[in-house]
Structures are given as C-alpha cells and as structure tokens.
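Trainee: These are the residues of each chain, in order.
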Amino acid sequence: MTTLTYAVRDTRTMLRRNLLHMLRYPSLTIMLIAQPVLFLLLFVYVFGGTMGAGLPGGGGRDAYLGYVSPSILIITVASVALSIAIHAAKDATEGIIDRFRTMPIARSSVLSGLVGAAMVQTALAVAVVLAIAVALGFRPDAGIGGWLGAIGVLALLALALTWLCVALGLAAGSVETASNTPMFLLILPFLSSAFVPTDSMSPGLAWVAQHQPFTPIIDTLRAFLAGHDPGSDLWWALGWCVAITLVSFAWARRLFAQVRAG
Amino acid sequence: MSPHTPVIEVAGLRKSYGDQVVLDGVDLTVPGGTVYALLGPNGAGKTTTVNICSTLLAADAGDVRIAGYDVRREADAVRRSIGVTGQFSAIDELLTGRENLRLMADLAHLGRAEAQARVSELLELFGLTDAAARRAATYSGGMKRRLDLAMTLVSRPRLIFLDEPTTGLDPRSRRDLWQIVRELLADGVTIFLTTQYLEEADQLAHTVGLLDGGRLVAEGTPAELKAQAGGETLDDVFLALTGHAATPADDTADDTEKEPVR
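Same order as they appear, the protein sequences are chains R and W. Numbering of the first sequence is given in the UniProt record's numbering, commencing with residue 1 and proceeding in unit increments. Numbering of the second sequence is given in the UniProt record's numbering, commencing with residue 1 and proceeding in unit increments.
Possibly wrong hints are sitting among the right ones.
[To be verified] Derived Cβ-Cβ restraints for the label pairs, each shown as a range:
#1 W:D130 with R:G227: 56 to 64 Å
#2 R:V120 with W:G220: 33 to 41 Å
#3 R:M31 with W:G111: 45 to 53 Å
#4 W:T167 with R:T3: 34 to 42 Å
#5 W:A137 with R:T177: 18 to 26 Å
What the hints contain is simulated information worked out from the structure, not anything from laboratory work. In this text, a Cβ means the ideal position worked out from N, Cα and C, and glycines have one as well.
Using the sequences provided together with the hints, build the complete structure.
Mentor: Okay, here's the thing in structure tokens:
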C-alpha cells in the first residue's frame, strides 16, 4: 500500500475511535441537540410574537419562526463544534497521544479523524433540529438548488468552526479551559442578523454585526432555504468559511506538532 | 535483527531546557536480545532519554541510532521498529480493552482476521479476556498497566521501551510484569527500561546504567557494579558511586523530568 492509502486507512481508524467516543457519551450528543432546540422554543414561543412584529414587513410568531430557524441551524453547528474543543483538549492531555506519536502512522489522521467524526455528529444534530423546526411549522421554500446550497453552507461552516475548535482545544492545555475559550462562538450569533435584522441595532453595533462572519453566513443560509438568490452574501460567507478553515487548520497542525501529554 | 548487534546506540546525548541541563553527554549501547535498565532518581533524565530514543523529543546534540536508524532523519523507520509504554497511562479509557487493542491492530495495518486473532491472543496472555468488553476506565491500576503493555505488543516490536513500568503497582502486579518482561526476552525481544527500583534492575537487567544528574555515572552487570562498589545491594552501589541514595524519600515527589509547558 502507498503512503496515501495508509493515511486514508489511519484516518478511518481514528474516525471510528472518535465515533465510539461519541456513542459512549450519548448524553453529550443529546445535550448538543437540546441546547439549540431550547433556543428555538424560547425565541419562537417566548419572544417570537414581539420579535415577529418588528421584522420588516411585520408578521407574528410564524414569520419569526421562518426568520429564526436558519439561525438555530447555525447555532447547532457552533454547538457541536464547541464540544470538539473538549475532545481535542482531552486527547492532547492524555498519554495516548504520545503513543500515537511513537507509532508509524499518518500524523494527520489523529486530527482529521476527529474532524470527520464532528462532521457526522453535526449532520445528525442539524437534521434533528431541522426536523423539529419543521414540526413547529417552519416551511422552507427551497428547490433542489437551494437545499444543496444550504447543505453546502452548513458543511463549510461546520468544517471551519470544527477546525477552529480543534485548534482552540489544543491551545487550551486543559479540558476546563477548552470548555470555555470557544464560548464566543455562541455569543457572536447574537451580535449578527441571527435573531434581529442588523439595522434595528444601535448604529455602532449594527456596523459590527454587518461586518462579522456570522451575518453573511446566516443571510446566505436564510436565502437558500427561502429559495432566493443569496447574492453577494454567498461570496462573503464562502470567503469567511474558507479563511477560518485554512487559518485554523494551519494553527491546529502547528499546535499538534508541539503537543506533549503528561 | 540478529542478537548481540547493538539495537540502541547513543553517543554524546545532550538535552537542556533553558538553563536546566537534563542530559549532559550520555553514551550507551544496548545489544539485541538483552534487557538494559536505566536506573536513577526522579529528575535524573531517564524519561528524557526514553523520549529522545522513541522520537518523541529532539536532542540538542548527540547521535542516537535505534535498530540502525537515525532518530532524527529516519524517525518513521525507528517508529516501525519500536514499541513504547510510557510512564503515563496511554490507553483510551472510553474504549473497552478489546477496542483499545483493536485500535492498535488497525493502526498497525493488520488484516481483519489477523487483527482479531492477535487481539484475542493478547487479551488471553495478559489475563484480560474476562474484562475485554468493559471500558478501560473501570480497570484497576494493574489491569491498565497490562492493557497498556499489551497495546504496545500488538505490532510485535523487536525493541520495547518501558518507562518506569512498575511505578505505583502493588507487589503482585509488579511480579506479573517482571514475568512478562522475561517472556518477551525469551522471544528475543530487546528491552530498555527505566526504574527507580534497584531490585527491579537487579531482577531483570543484563546491564544496568546508573543515571545521575544527566550523566551515566556507572554501567555494568548488576554483579559487576556490586563488586566495583564493594556493596551487597544496588542501593549500596548507588550510594558509593553518587554519594546519595537512589530510592526517593517520597514516591510522590514531583516529576522534575516533565517538560516545561511551552
């Protein structure tokens, strides 16, 4: 076998290891899904009536469900990514990483196996949350192209945030720190177009919201699911996702080369 | 590898962390099919020596050849030749004993049937068959050590590094482990172990190296060392050659060999 086939095989082995970890902690997976679902219920049934009335063109709770559901899918992606920081930190602080480092295996497989498992978990979580949103009355108008676009944006965002969280987890040095440092990923959507249109914010904050990554990403997803053309938001969304992925990937690899357990 | 050709050749090995000199010019040679025990107190440089020989750590100066390969330039060839059981547990506690061994078999690129056979054989050999389906987190200290060593043996390495293999084990588990070392030796495997226990070196080793303050202060068979220092036990030898006792006053003394956090 060639080096590449070994790398693929090692990645598959590590992917299976990480999926087993997730299976061993079903409560964590359930929590990762419960959190966005709780947000969804809170924003639709508590704030939704008032928030919907404030949307451009008005509307009530139903209109707000349509507005906020794509945002909740984005929050789901962030929520799973957050847990990956903990997995990465746990791996980096336990002796098994040194065992892997003394074995003739593809180095990259340790991290790519983790990211692969995260993608599987994200797909599962997003599917469950979307199904619940639909059960509550969310009705996407997307055609095939819109759905493919929506899946593409979610997948790229998941890849970007997962690599970012892998790097944050490796940088953390402890599981406790790793569970805190990526929290900003759950705060940032609140300062974006996720829950309210950005032009309803105070001017300074609106500027921040319009120029941070989550806004074009959420607007792109919202457009795809509504069957609209996302326009220039798509390019901003792709740019942010690719940039975050590349920077985080390089950072994670650098940190992994330095990691020493014990 | 034919017996008696050197499988470990270390010359002029130096390593410092900042001002702290950990290894100050170590030379040693280990012939194939023998047991070499590196004996010394905490902070003597034992773990650093193992880490450099097993490609985990780069030396500042010196030549290290393992099974004829240079650790710096031919790290992957070295990794294919060795098995390492470090001082800290290197098992995956979320996986069962069998899954841990299977992980190693897959990473060693064994075929499915061969992997299953090897895993069952090792579970049997290490008395873990009954516990094979339990998560490693539930294992006792002695069982974790056995699983750790079994994982190292999956790929049938011809040279094994054991870094303080019996530290923290009860007397019975310690004797079990000694028995395993003797069986490996009978199969022609070369073993490089570090220990703080003089009795362990006396029991197992063909050659004992006394490491103190980053220097090899004496080397020879246990009998030679005893004759040289005119003492009955290796304790006397250590005291005669270094001016202080080898056995730490406090087993829980902090691990001064640990690399500083970067």
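Trainee: All the hints need checking, so say for each whether the structure fits it.
Mentor: Comparing the hints with the structure gives:
1. W:D130 with R:G227: 56 to 64 Å: Holds: the Cβ-Cβ distance is about 60 Å, inside 56 to 64 Å.
2. R:V120 with W:G220: 33 to 41 Å: violated, 57 Å
3. R:M31 with W:G111: 45 to 53 Å: violated, 39 Å
4. W:T167 with R:T3: 34 to 42 Å: At roughly 37 Å between Cβ atoms, T3 (chain R) and T167 (chain W) fall inside 34 to 42 Å, so the hint holds.
5. W:A137 with R:T177: 18 to 26 Å: The hinted range 18 to 26 Å holds for A137 (chain W) and T177 (chain R), with Cβ atoms some 22 Å apart.
The structure fails to meet hints 2, 3 from the earlier list, while all remaining hints are met.
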